[in-house]
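Novice: Going down the list, the protein sequences come from chains E and C. The first sequence begins at 1 in our numbering and counts up one residue at a time. The second sequence begins at 104 in our numbering and counts up one residue at a time.
A few of these clues could be false.
[As the list claims (entries may be wrong)] Pairwise CB distance ranges, derived in the manner of DEER restraints: (1) E/Leu11 / C/Arg198: 40 to 50 angstroms; (2) C/Trp489 / E/Ala74: 37 to 47 angstroms; (3) C/Leu124 / E/Ala58: 34 to 44 angstroms; (4) E/Ile18 / C/Ala300: 16 to 26 angstroms; (5) E/Leu14 / C/Gly158: 20 to 30 angstroms.
By construction, these hints were calculated from the structure, which means they are not laboratory data. We put the CB at the ideal spot given by N, CA and C, even for glycine.
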Amino acid sequence: MTVGLPHVLTLAALLFGIGLYGALSRKNAVHVMMSLELMANAVNLNLVGFSRFVTPEAMTGQFFAVFSMVVSAAEIGLGLALVIAIYRRKRSVELDAVQELKG
Amino acid sequence: MSELLLLTPELLVLFGALLALFADKITGHPRAAAHIAAPLSVVAALVAALIGTRGGIFAGMLALDNVSVFARVAIALLLAFWLHWVSGRGTGGERSAEAVALAMLSAVGGMLMASARDLIVLFISLELSTMPAYVLMGYRRGDARGLEGALKYFLLSMLTSLIMLYGLSFAYGISGSTAYADLGAVDAGTLGQLAIAFVLVGLFAKLSAAPFHYWTPDAYAGAPASSVAYVSTVPKIAGVVALVQLVAAFAGNGGTITVVLLVGSLLSMLVGNLAAYPQTDLRRLMAYSGVAHSGYILLAAAAGSAGGTAAVFYAVAYAVPSMAIMLLGSEEGTALDDLAGLAARRPAIAWASVVWLLSLIGIPPMVGFFGKLTMFTAALDHGLVWIVAVAVTMSVVSAGYYFKVLRSVFFGERLDARRATRSTPAVIAYAALTVVTLALGVLASPVLEFFGLRF
Chain E
1 MTVGLPHVLT LAALLFGIGL YGALSRKNAV HVMMSLELMA NAVNLNLVGF SRFVTPEAMT
61 GQFFAVFSMV VSAAEIGLGL ALVIAIYRRK RSVELDAVQE LKG
Chain C
104 MSELLLLTPE LLVLFGALLA LFADKITGHP RAAAHIAAPL SVVAALVAAL IGTRGGIFAG
164 MLALDNVSVF ARVAIALLLA FWLHWVSGRG TGGERSAEAV ALAMLSAVGG MLMASARDLI
224 VLFISLELST MPAYVLMGYR RGDARGLEGA LKYFLLSMLT SLIMLYGLSF AYGISGSTAY
284 ADLGAVDAGT LGQLAIAFVL VGLFAKLSAA PFHYWTPDAY AGAPASSVAY VSTVPKIAGV
344 VALVQLVAAF AGNGGTITVV LLVGSLLSML VGNLAAYPQT DLRRLMAYSG VAHSGYILLA
404 AAAGSAGGTA AVFYAVAYAV PSMAIMLLGS EEGTALDDLA GLAARRPAIA WASVVWLLSL
464 IGIPPMVGFF GKLTMFTAAL DHGLVWIVAV AVTMSVVSAG YYFKVLRSVF FGERLDARRA
524 TRSTPAVIAY AALTVVTLAL GVLASPVLEF FGLRF
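Required output: the full structure, derived from the provided sequences and hints.
Specialist: So this is what it looks like as structure tokens:
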């Protein structure tokens with residue numbers, strides 16, 4: 001069996017789904033961020049897959065994936081800084097514990 | 104080299120951001136960063152206006168059309184007003200140098216986003232304009248409520264940008280290119296329409312349009328009002344430009360996009376205007392008002408190219424008075440009762456706030472009226488009669504909660520007559536924002552002619 005574009009897209013969609021489910025259902029801020037990372041990886045897989053199978057001569061998708069990795073790393077770094085700042089105040093990273101603001 | 108020169112405004116602001124980090128160490132003045140950065144941003148705006156329109160920079164990754172130039176100038180000018188205010192008032196006890204640098208970086212992202220013609224550039228500049236906003240929202244490190252608001256903002260914003268990125272990856276896969284020019288091929292199959300819907304999710308969240316608005320009131324209510332003044336206005340202008348240009352690029356059959364935009368518009372107008380009524384905190388009230396205004400903007404974005412231009416103009420028309428009100432809230436206190444008796448204490452500012460609020464309602468001769476007129480006309484020309492009727496009704500409804508603010512300003516009794524200390528730069532910032540609110544309304548046609556905008 002050769003691996004084709006549908007396989008890559010299916011794997012990415014599964015990863016994305018697991019990540020989305022985790023991001024929406026988890027109550028721990030760090031777990032939510034790990035789920036978000038999973039979604040980011042699914043996107044990167046998608047981009048690299050499309051690059052390999054749709055435009056193999058141009059490397060657009062791979063460049064896109066590299067930029068996306070850098071951006072999500074920076075974003076997670078910022079998010080963890082926020083979580084640490086909250087942990088210092090509350091001694092907890094459970095999202096239920098930080099529920100003072102009510103929309 | 105000559106192409107790099109076209110990015111002089113962005114480079115100036117970027118230089119200002121790097122300078123701001125060290126300015127107070129070099130000069131020894133605690134608010135030197137804002138003092139240096141504000142005039143630099145004005146220069147950037149002037150240079151952007153001088154450069155004017157140019158097509159295809161960096162092999163077509165960026166392009167400066169009339170709308171982008173208008174947005175660039177508007178972003179740089181609003182940044183300058185905000186920085187000028189900060190140079191007088193600071194950022195509520197915290198060091199202001201980092202806030203200045205972050206706001207400027209976010210403005211660089213916004214200016215690039217306005218001229219992006221490639222999905223990769225769009226994504227990076229979008230993140231550049233949003234990421235500093237997380238930090239600004241949680242700028243008071245000791246304040247648990249502010250951090251909670253910032254965390255909520257961060258989690259929802261990252262989630263929606265990843266959904267958007269997932270959509271962008273499919274858009275790239277289907278069209279085989281990341282250039283806007285090739286995106287017309289996306290709106291063909293089910294997958295393409297799904298991709299477009301995903302991309303719109305990300306942009307809706309950036310504009311805090313319903314149903315992705317629920318982080319907005321919480322994040323704003325916890326954040327320092329001076330940060331809200333920036334975050335709720337400047338990145339939104341860039342977001343609207345990106346939305347309008349993406350909608351134009353995707354518009355193959357146009358079916359999915361129009362439906363999604365109109366549903367978002369209707370929800371935002373209803374939720375924003377009705378939920379704003381019971382609010383007693385200026386930041387929450389303005390958050391819901393922002394949701395409502397995003398609703399009007401989405402309506403115009405669904406109305407073809409004329410509507411798109413009107414949407415960008417209205418994004419600026421919303422941002423100017425809205426920034427002024429949040430800055431005032433940062434000075435006087437953000438509960439509506441804090442504004443009580445403002446007319447007796449500071450009559451000039453009180454009358455300026457009348458101008459700002461009437462502009463947000465859409466009463467002539469302020470810019471809000473002209474903006475709404477052009478948007479609704481474009482939508483009517485596009486045959487969206489019933490939803491324009493809803494929008495006009497909702498504009499009238501919105502007068503109720505804006506007048507609640509004015510009632511507090513003019514007729515509210517306040518027991519502790521705390522006087523804010525005088526601050527000339529802040530007063531100049533208010534004056535500038537008021538003049539722009541009036542001038543864009545009265546002199547709308549020469550301004551539009553200068554930028555070559557047509558509806």
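Novice: A separate judgement is required for each hint: does it hold in the structure or not?
Specialist: Hint-by-hint comparison with the structure:
1. Our hint of 40 to 50 angstroms for E/Leu11 and C/Arg198 holds, since their Cβ atoms are close to 47 angstroms apart.
2. Checked against the hint of 37 to 47 angstroms, the C-beta distance between C/Trp489 and E/Ala74 comes to roughly 44 angstroms, which is consistent with it.
3. Restraint check, C/Leu124 to E/Ala58: a C-beta distance of roughly 38 angstroms satisfies the suggested window 34 to 44 angstroms.
4. The supplied range of 16 to 26 angstroms is met by E/Ile18 and C/Ala300, whose beta-carbon atoms lie about 21 angstroms from each other.
5. For E/Leu14 and C/Gly158, the Cβ-Cβ distance of about 42 angstroms falls outside the hinted range of 20 to 30 angstroms, so the restraint is violated.
In terms of the numbered hints stated before, the structure departs from hint 5 and from no other.
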